[in-house]
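All chains, full assembly: derive it from the sequences and hints.
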Amino acid sequence: MITWRLLSSARGVAITTLVILVATVLVPALHLLTPSNSALHIPAHVMALFGKYLCFAMLALSIDLIWGFCGILSLGHGAFFALGGYGMGMYLMRQIGTRGVYGNAELPDFMVFLNWNELPWYWYGFDQFWFAALMVLLVPGLLAFLFGLLAFRSRVSGVYLSIITQALTFALMLAFFRNDMGFGGNNGLTDFKDILGFNLQSGSTRAALFAVSCLALAASLLTCLFITRSRLGTVMTAIRDAESRTRFLGYRVEAFKLFAFTLSACIAGLAGALYVPQVGIINPSEFAPANSIEAVIWAAIGGRGTLFGPIIGAIVVNFGKSWFTSVLPDIWLFALGGLFLAVTLFLPQGLAGLFKMRARKPVVPPIPAAQPEAAE
Amino acid sequence: MRNPTPALRAIAAFFWLISLACAAHASDLASALKGLDTSKFPEKEKAIAAIVASGDPRVADILTALGDGKLLIRKSDRRVVIGDGDGQSKISDAATGEDLGQISEGEFDKIAINNKIRRQIKAIIGSLTLFAADPITRLKAAEEIFRSRDQAAFEPLQEALGKESDAAVRRAMEQALAGLILTSDAADKERIAAIETVKSKGGQDATALLAEIAHGEDRVAQAAREALAWLERSRVWWDALQNAVYGLSLGSVLLLAAIGLAITFGVMGVINMAHGEMVMIGAYVTFIVQEIIRNSAPGLFDYSLLIALPLAFFLTGTVGVGIERSVIRFLYGRPLETLLATWGLSLILQQAVRSIFGPTNREVGTPSWMSGSFQIGEISLTVNRIVIILFALAVFLCLLLAMRYTRFGLQMRAVTQNREMAGAMGINTARIDALTFGLGSGIAGIAGVALSQIDNVSPNLGQSYIIDSFMVVVFGGVGNLWGTLVAAMTLGIANKFLEPLAGAVLGKILVLIFIILFIQKRPRGLFALRGRAVEA
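Those protein sequence lines, which keep their order, are chains V and U.
Numbering-wise (the numbering used here), the first sequence opens with residue 1 and increments by one.
Numbering-wise (the numbering used here), the second sequence opens with residue 1 and increments by one.
These aren't lab readings, by the way, just hints derived from the structure by calculation.
Bear in mind the structure is a predicted one, so any value in this text is a computation, not a measurement.
Keep in mind that a hint or two might mislead.
[As the list claims (entries may be wrong)] Heads up, incomplete: computed chain U residues facing chain V, CB under 10 Å, no partners named: (1) Gly269; (2) Met273; (3) Gly344; (4) Gln351; (5) Ala352; (6) Val511; (7) Leu512; (8) Ile519; (9) Gly525.
We put the CB at the ideal spot given by N, CA and C, even for glycine.
Shown next, in the form of structure tokens:
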């Protein structure tokens, strides 16, 4: 049965990867090559919208890696996403150069506005793309490493871990709201002009960003599949199902958890970095604890522990959100709240579980509850 | 103004004495007003004296208007009127206050005054309030003199001091007098004695006054510097005390918000993310109760909070039991899923309240017995903060006693310590769970009643407390109410002491970081429950 589940998971991943790769080629092609009055034409704003969904899908995937396979429920993954986003935002700010309102070649507008005379040291290097790209992975990864090192070593687990990850993102949100932090305060970073010399508003740049998001998502998906199907992944699953037993068997549980947590934060950071140029703004509200919890529900709705499920979940929920908030704005929170309830009560395996039940009649037993020991 | 001419003092005292002497047999105010209709200033001075002598309660109004250039003479009947501005203005009779309608420019003459009369008026008005019947007005007048250091007020102040019977007002007057002596050219000995009195007043005004004369090398300046240093030292202590009281106030708010959460988390291991929304519902219950009282029985308004308390408790308690029966009991043993499901519930509840009551803040009034503030030394306390501190402690005490001495409390503690064993002993754990959840939610509801007094009642009310409440529970440790109390007060006071040092936001960040690090050291909080069922 486990073999079947692995196979079905792998099959789901394979199909999802295929769909993503097709979209990588097809969507930009339809945007660039068809005339704007054609029925097949995909307008730029739709492509940007779906590009955004792809970034959210990566965030959901990163949560699935730790929650679905390692039993770590992080309610602060939005923090890593936003840190990645700020890394990219800083690069894009430096690219504005003299085109800002104050025309200062060195300082972003908000620093000129605050009467700062020189760039803070932590902004150094962000005018280079390679440096920013490195930081986008390193900063969230390093934070996750330090946080995880402390938390997992002292065996903070279950809801306690969830709550302190929430505290982490809340503290970061408060910090980034401060003007003296040097990240633009509550306005955040915006008014970006171009990336690597290409105009961010042009259709081809947007198409390229979309394609890169697709590829990044596919690459993260395959990486996660590779990890979860390796021996390392087997130990992770063992930790999820029986942490104490795995420890007694001689595995260093905290090392495995730390690895998964750090990798997951890097994926979330990459997602944030791709998100910012497509949305055009990053501000401290991305750190809001509510955002992180919402991201968890994408993973839950899609089906945790399946890797491809969270991707579907993120895209479906966000599509629904865009649709609801434009058509029936009052209903959206009811719908989202209802989803939380329905999924936890009736659909513990999410949408992916639904497909599986349809496909084969003998119902697969539900994934055992994460960390039964945590339920004191 | 530091060296007023003796003549000016004499004039002020003179008018003052006249006004006292003549107050008994009040002469006709109207005829005194007629005397102002002249172009000669000495005549006007006499007329002003006559107005004061009339002892009429409107004297202060009339003289204020005269000083502001708003006392006019209507050309048609030479009647003295008070206008409300330049050009076309609304007027009222100066003697009676009767409304006389509009008047346009050109229909009146302004009564002109010179600087001498202006000073005369100012001194009279200042001293008039010094003799007011209301002690609070007298106190304010004395404090005003301390601030303005108007030497013209010297004689009336001495006069008033001789008659004053209220101890607090007497003190204020003595301090004001000392302030005047200090800024006058009195002998050094007198001024040094005055410094002592000013020092005993304390506060910003006294510091400002002392700082002004602390320059120079003479004995007075030296004494002033010593007094300043003393004030500075005492200020540090007062500030610390003030922060401690504010911290206790914040801590009691945190305690109210977190204590229900601590119970549900402690007994059931359930993280209730909808807890903040229970607080919000409690606040809205207060709003509804007040609306009904406003519309049907305004006399009961002072009791609105007392009426709202049981209603909020039972309403949110019932909602809590409903949530437990319909959602949470299906998720036992899956704490992370419970967390998500209750988060979903909180979104639904928020949106429901937003749909019914609208997204804007609702106004909740403060009963008269909770409004106002009082002063202890140099710290001022608002009554509602004190009431909330006492209320939080009362709720805590009730809960502690209920846990200790009631059958339900006993069963609850048994389930907390070892669920299986409690069940084996015949305790209906499912029933205890439902009741515990109801109790936790009900306490959130009464917390909402209290918080409606100090926070905006909006659908987002609960959201702003949920993270802080979690921090309190995690910091304090579960299954022990004392842990929650200590944690709430510690975090409240720590926050308030960090605020002046690091700013409000940075202070909060530091507290959050401290908790995150603290959890690494003691993963089960300050007061961890020890027992076989508890995972080490």
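Here is how each hint holds up against the structure:
no., hint, in the structure
1, Gly269, "holds, 5 Å"
2, Met273, "holds, 8 Å"
3, Gly344, "holds, 2 Å"
4, Gln351, "holds, 4 Å"
5, Ala352, "holds, 8 Å"
6, Val511, "holds, 9 Å"
7, Leu512, "holds, 4 Å"
8, Ile519, "holds, 5 Å"
9, Gly525, "holds, 9 Å"
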